[in-house]
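Keeping their order, the protein sequence lines are chains A and B. Residue 393 in numbering that gives the first Met the number 0 sits at position 394 of the first sequence; the count goes up by one each step and never skips. Residue 105 in numbering that gives the first Met the number 0 sits at position 106 of the second sequence; the count goes up by one each step and never skips.
Read the hints as simulated data drawn from the structure, not as lab findings. It cannot be assumed that every hint is accurate.
Okay, derived cross-link-like pairs now, DSSO-like style, lysine-lysine, Cα gap no bigger than 27 Å in a straight line [stated by the list, open to error]: (1) B/LYS612 <-> A/LYS241; (2) B/LYS612 <-> A/LYS243; (3) A/LYS243 <-> A/LYS339.
Below, each chain spelled out in residue letters.
Number of protein chains: 2
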Amino acid sequence: MASSQQSAGSALDTNFGVDYVICYRLAAADKGKAEAQFEKLVRLLANVGLDLEVRDGDDCSVLIFTKIVSERHLLGEVYRSRIKDWLHGIRLTAPEKETEKLLASEPLTDSERLRIAYFLITSPESEGGAGITPQKGEWKNVESIFPLHNRSFNKEWLKRWSGKMYISAEDLTEIRDRFGEKFSLVYAIAIGLWSAAFIEYWKRQEVDLAVRWGVRGASSIQHLRPEFEYEKEVSDSVTGEKVKVFPARKRLVRQLLQVPFAILAISVLGGLIATCFAIEIFISEVYNGPLKWLLVFLPVGLLTAFIPILTTILTGIATRLTEYENYATIDSYEAAMTRKVFIFNFITCYLPLFLTAFIYIPFGSLIVPHLDIFGLTVESLMDDPKQLQMPKAGFQINSARLQKQVFYFAIQAQIVNLALEIIVPYIKRSGFNKVKKIKSSIASRRGGEIPDASMNDPPEEAAFLARVRDEARLEIYDVNVDLREMCMQFGYLVLFSVVWPLSGFTYLVNNWFELRSDAIKICSGMQRPVPWRGDSIGPWLDSLGFLAWLGSITTAALIYLFGGNGLGPEGTPWNIKVWGLLLTIFFSEHIYLLVRLGIRTILVSIESPGLQKERQERFSVRKLYLEEWLGEEEAARIAEGLVGKADRKMLGEEAGGPIGAKAEDKFWGRQQGLEETLKAGKGIISRSASREKKDQ
Amino acid sequence: MASSQQSAGSALDTNFGVDYVICYRLAAADKGKAEAQFEKLVRLLANVGLDLEVRDGDDCSVLIFTKIVSERHLLGEVYRSRIKDWLHGIRLTAPEKETEKLLASEPLTDSERLRIAYFLITSPESEGGAGITPQKGEWKNVESIFPLHNRSFNKEWLKRWSGKMYISAEDLTEIRDRFGEKFSLVYAIAIGLWSAAFIEYWKRQEVDLAVRWGVRGASSIQHLRPEFEYEKEVSDSVTGEKVKVFPARKRLVRQLLQVPFAILAISVLGGLIATCFAIEIFISEVYNGPLKWLLVFLPVGLLTAFIPILTTILTGIATRLTEYENYATIDSYEAAMTRKVFIFNFITCYLPLFLTAFIYIPFGSLIVPHLDIFGLTVESLMDDPKQLQMPKAGFQINSARLQKQVFYFAIQAQIVNLALEIIVPYIKRSGFNKVKKIKSSIASRRGGEIPDASMNDPPEEAAFLARVRDEARLEIYDVNVDLREMCMQFGYLVLFSVVWPLSGFTYLVNNWFELRSDAIKICSGMQRPVPWRGDSIGPWLDSLGFLAWLGSITTAALIYLFGGNGLGPEGTPWNIKVWGLLLTIFFSEHIYLLVRLGIRTILVSIESPGLQKERQERFSVRKLYLEEWLGEEEAARIAEGLVGKADRKMLGEEAGGPIGAKAEDKFWGRQQGLEETLKAGKGIISRSASREKKDQ
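Using the sequences and the hints given, assemble the complete structure.
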């Protein structure tokens with residue numbers, strides 16, 4: 000407990016109570032300007048009630064350590080934030096007003112504290128924050144704002160996960176035994192069912208988790224984009240707050256630009272991929288001249304060189320377009336951007352497979368002979384024209400190409416990707432450290448002065464500050480990158496895995512590692528992320544739904560084309576019956592949609608625990624108010640639908656009332672009391688019965 | 000104002016304050032039993048606080064007039080009902096507790112009063128009602144429970160509507176000019192766009208209207224079906240009420256019986272229709288023997304005879320199946336029944352058209368020669384075998400058949416239907432009155448006694464009671480009948496109207512009348528309906544969506560088959576390219592779905608006034624509570640996100656605090672106050688800058 004005796008080693012486990020570290024970089028050569036801006040930054044931060052310490056960072060940066068200044072102040076902010084949640088309907092019960100009760104009923108989590116601190120630093124001044132926008136506008140020098148990792152938690156987390164094994168070896172053997180290895184109809188049906196069930200299940204699970212985590216509707220509290228340009232400021236008819244408005248119609252018109260953009264992206268990327276595809280086929284299967292060993296790498300080279308360039312250019316256009324669409328909130332901006340990026344990803348990931356499956360294999364023998372536009376150019380360079388063995392009619396297509404490609408995406412690409420995610424950042428970091436050491440040793444040899452920021456560190460903080468400097472150098476985590484990766488993998492699975500059913504298994508294995516490698520990445524490869532609240536995976540859910548739907552079409556087509564029922568176009572596309580293919584697709588797609596509807600219907604009919612909890616809370620809140628107002632007993636009676644019967648009987652006896660002068664009063668006064676009514680009724684019954692007898 | 004002078008004529012405009020009339024029929028010959036049951040009924044009604052008067056009905060019935068006994072009692076019920084709404088989230092503000100304010104803030108509408116009275120009469124005793132279930136169980140003798148029409152309102156309503164003309168003649172000419180009369184691609188696109196827009200618009204409009212009418216979520220207050228059989232009674236984890244439970248899984252298994260039922264219905268009805276269709280074609284286009292003039296009516300006769308019988312049988316099975324599925328609430332029961340009935344309706348309405356368009360016309364010349372199984376049987380009866388002119392190969396199909404059928408549904412069927420709806424009930428009623436008069440005159444001649452219920456009427460009530468007896472004889476209005484009619488019409492429009500685009504116009508005309516004839520029907524042809532609350536057209540919306548989707552397929556197919564581009568199979572089905580047809584369908588369907596998605600996206604991005612109102616109310620309610628708890632000023636500050644800056648500055652100056660013994664305290668105490676922090680930071684900046692200079 001005597002923490003003054005903390006060793007440097009255990010200091011790695013403490014964050015010194017730091018909420019956020021702000022990394023201020025001195026990019027501006029002008030020292031005076033940098034100082035002035037720094038002073039402004041520090042004053043703004045102090046102004047919103049943050050305690051500050053500055054330390055020397057590395058590479059010309061100042062590290063500003065912040066924490067919320069006093070418990071009382073923090074509690075005030077917690078209360079404000081919870082009240083805001085309540086006003087927006089994210090929580091149903093108003094938070095306790097008294098300070099002690101406030102935290103006793105719902106303890107403050109790390110996330111909540113960090114979220115509040117982040118808002119204090121980044122919200123606009125009009126909303127009570129310091130208005131610091133890292134890397135943007137006047138705060139270009141603020142490189143990053145990040146919380147420090149909780150080392151002991153991270154260690155525990157990774158340890159727990161690495162010990163868990165969800166899939167036993169038997170399961171995997173069974174999968175193999177059941178689905179075999181190639182073009183299985185059973186597998187196709189299974190994957191269709193699974194994808195439909197997965198989408199519907201996730202939709203439900205998402206809501207359920209959001210309710211359990213108390214973030215349902217969190218997306219309705221929107222964070223204003225600082226770059227948002229408003230046309231006018233009106234007071235919101237709902238909340239009475241002043242709201243910055245940009246007309247929806249105007250935005251709609253701007254959004255229409257997405258159509259030409261999508262066409263551009265598709266034609267540019269698609270054109271490149273198709274061209275390289277054609278070159279590759281020509282060189283590997285037609286061309287037989289000199290330098291073949293080298294030319295084989297040409298299409299790969301072209302793709303490797305141009306895809307990143309084109310993607311960067313297109314992403315730039317997409318960013319500008321999304322900025323032009325001028326979204327008011329961060330969420331809607333990101334959703335719009337995600338939608339655009341999905342188009343590139345779709346083309347770069349799946350187009351090569353589409354080309355192989357639906358162009359090259361069925362129509363290869365028609366198209367390949369026309370590739371001699373390349374053949375002619377090569378011919379003139381060659382000594383012997385016979386080196387170009389262009390098959391005129393009997394060209395044999397390489398039907399293993401599709402399997403090879405699917406195999407590549409299922410195994411090699413996954414391994415490469417995993418390596419890129421873990422190993423490359425590690426190498427980068429250790430390389431950086433080595434470079435730094437070399438630099439400093441050179442400098443010390445040259446000038447004698449060691450230009451190291453850690454020079455002036457107080458010894459008991461040295462280890463801690465070294466760690467903070469390390470974390471400051473890490474990249475910022477973007478959850479969309481991991482979501483995109485999973486979404487694209489889902490796409491390979493539902494679109495093409497029927498070609499090689501074991502690929503489903505390889506993805507399973509990959510994800511076992513992926514889950515853990517992403518955890519490692521978040522814990523040690525990235526700055527600790529700001530704990531944003533989310534209640535949905537947002538636009539990615541639409542992407543998953545679209546891919547699964549498309550999967551029902553491609554899988555049917557692949558089964559029909561290559562199903563081994565004799566219809567497969569092994570170099571003989573003439574035998575494919577187009578109407579058969581279209582009919583297969585038609586049925587597969589509609590059966591898929593029906594199944595999905597059925598699964599949704601079933602899932603809806605079973606109430607999820609999360610929604611039940613929400614309903615429970617809503618009802619109990621209302622009942623509580625009722626009790627406060629009416630007294631418990633009366634409230635219970637109303638809630639249970641019981642009304643004192645005694646009252647009623649008494650009232651019943653009151654019936655009739657005085658005979659008034661009005662016809663209406665006379666009408667109701669004709670039979671005084673219950674007994675007279677009964678007597679009159681029985682009289683009618685007797686008369687009717689006798690009338691009926693006479694009638695017969 | 001002196002209402003004692005009300006004439007019999009103006010008595011037609013008063014309802015004597017009657018809430019509901021209960022018609023108790025003496026079907027049981029046993030007078031004693033009828034009396035005992037009647038006594039039980041009256042006592043139960045008096046028990047729940049209703050004032051009662053009985054009068055003689057016609058045809059061996061007793062009319063029991065009910066009204067809620069005292070204003071105080073009514074107000075109690077209003078309060079209970081509004082509290083229940085609030086507990087279930089239908090209304091956001093709790094109702095006023097004080098009696099005067101209760102009605103001053105929201106006046107009691109006719110509907111609310113009638114709804115409350117209806118619940119008092121029909122709710123189970125456990126829920127505080129009298130538990131009367133008309134025509135069911137022990138209350139078989141309770142023929143109906145109905146409110147009386149408000150004559151003056153009805154008159155005003157019909158007058159207002161008949162004066163309104165929404166569509167001008169110019170519009171119609173324009174429609175004709177634009178779409179022509181036959182197989183127009185432009186029309187097909189227009190109808191596809193319109194149907195997609197209509198569905199999405201209605202979905203939004205439905206929510207909007209529900210919010211405006213204050214019934215959003217009304218379907219969440221479910222009314223228990225009296226026939227519901229529960230397996231166990233558990234106390235609801237949410238409301239704490241005792242809830243009767245039937246396991247959802249068990250119901251799901253029972254629901255699976257719908258599949259064989261659907262197959263049965265489709266094969267029985269479909270088989271009948273297909274058979275009659277074949278007979279009709281054979282007789283009208285192949286057969287040329289004796290009695291042709293008579294035999295032509297055979298298929299129509301068969302259909303007219305058997306369709307109602309089969310429909311009745313199937314409806315009986317559907318009812319039993321739905322009862323077996325054992326739904327807990329009236330709403331879910333009706334939705335399940337509606338879904339089943341939709342299957343029959345779909346087959347009986349559209350199958351003849353499907354057969355003509357997609358079987359008879361393209362494959363007629365293949366199939367018709369095989370119809371000679373009938374030909375042979377006829378042949379043996381005939382004198383001259385040549386009378387049966389069976390065309391062997393050159394059979395010419397009657398391609399006008401499809402247009403004729405569409406024309407029939409667009410014009411004749413609509414007129415017949417309109418006539419059935421208005422004129423038949425009118426004739427029925429006046430016929431009934433005549434029969435009654437004749438009967439009574441015979442009886443008076445025979446026995447001298449006039450067996451008329453009106454004999455004993457007090458003179459000032461005579462006119463009123465005569466009116467009530469009339470209304471008691473009317474049928475009960477079922478909104479599903481009208482919804483089904485509109486839904487089926489929508490189906491003709493989206494599925495087949497491309498065959499004869501003017502049919503869209505005839506439906507428009509029909510609906511102009513339909514709207515008004517339905518109003519007349521509700522006002523004078525039916526008992527006044529119980530004012531249920533609804534927040535959706537429920538399962539009919541799904542039906543509309545399904546029909547519109549299917550329409551995108553049939554319309555494409557019709558355009559492709561008969562589009563006049565030379566591909567139309569005028570007796571030459573061999574020329575149709577199946578892959579072309581399938582490809583057309585594929586594109587049409589997917590373009591339709593894309594357009595619908597686009598329209599939905601646009602509609603969602605524009606906030607509807609209803610939803611805005613809801614958001615506004617929710618927010619203002621919460622803000623109100625906040626103000627009550629915190630005082631107005633503080634609440635405004637929290638809501639606007641402003642926190643006193645003065646507090647913060649003060650807090651900022653507090654920063655630092657005493658240097659503690661802990662490393663953490665030491666860390667935060669290193670720089671005392673803002674000025675020291677600034678100084679330290681500037682020091683770092685200077686050193687960094689100089690380091691950088693040396694480095695270069």
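Here is how each hint holds up against the structure:
1. About 18 Å separates the Cα atoms of B/LYS612 and A/LYS241, which keeps this hinted pair within 27 Å; it holds.
2. Note on B/LYS612 and A/LYS243: the hinted pairing holds, with a Cα-Cα distance of about 19 Å set against a maximum of 27 Å.
3. At most 27 Å may separate the alpha-carbon atoms for a hinted pair to count; A/LYS243 and A/LYS339 meet this at roughly 26 Å.
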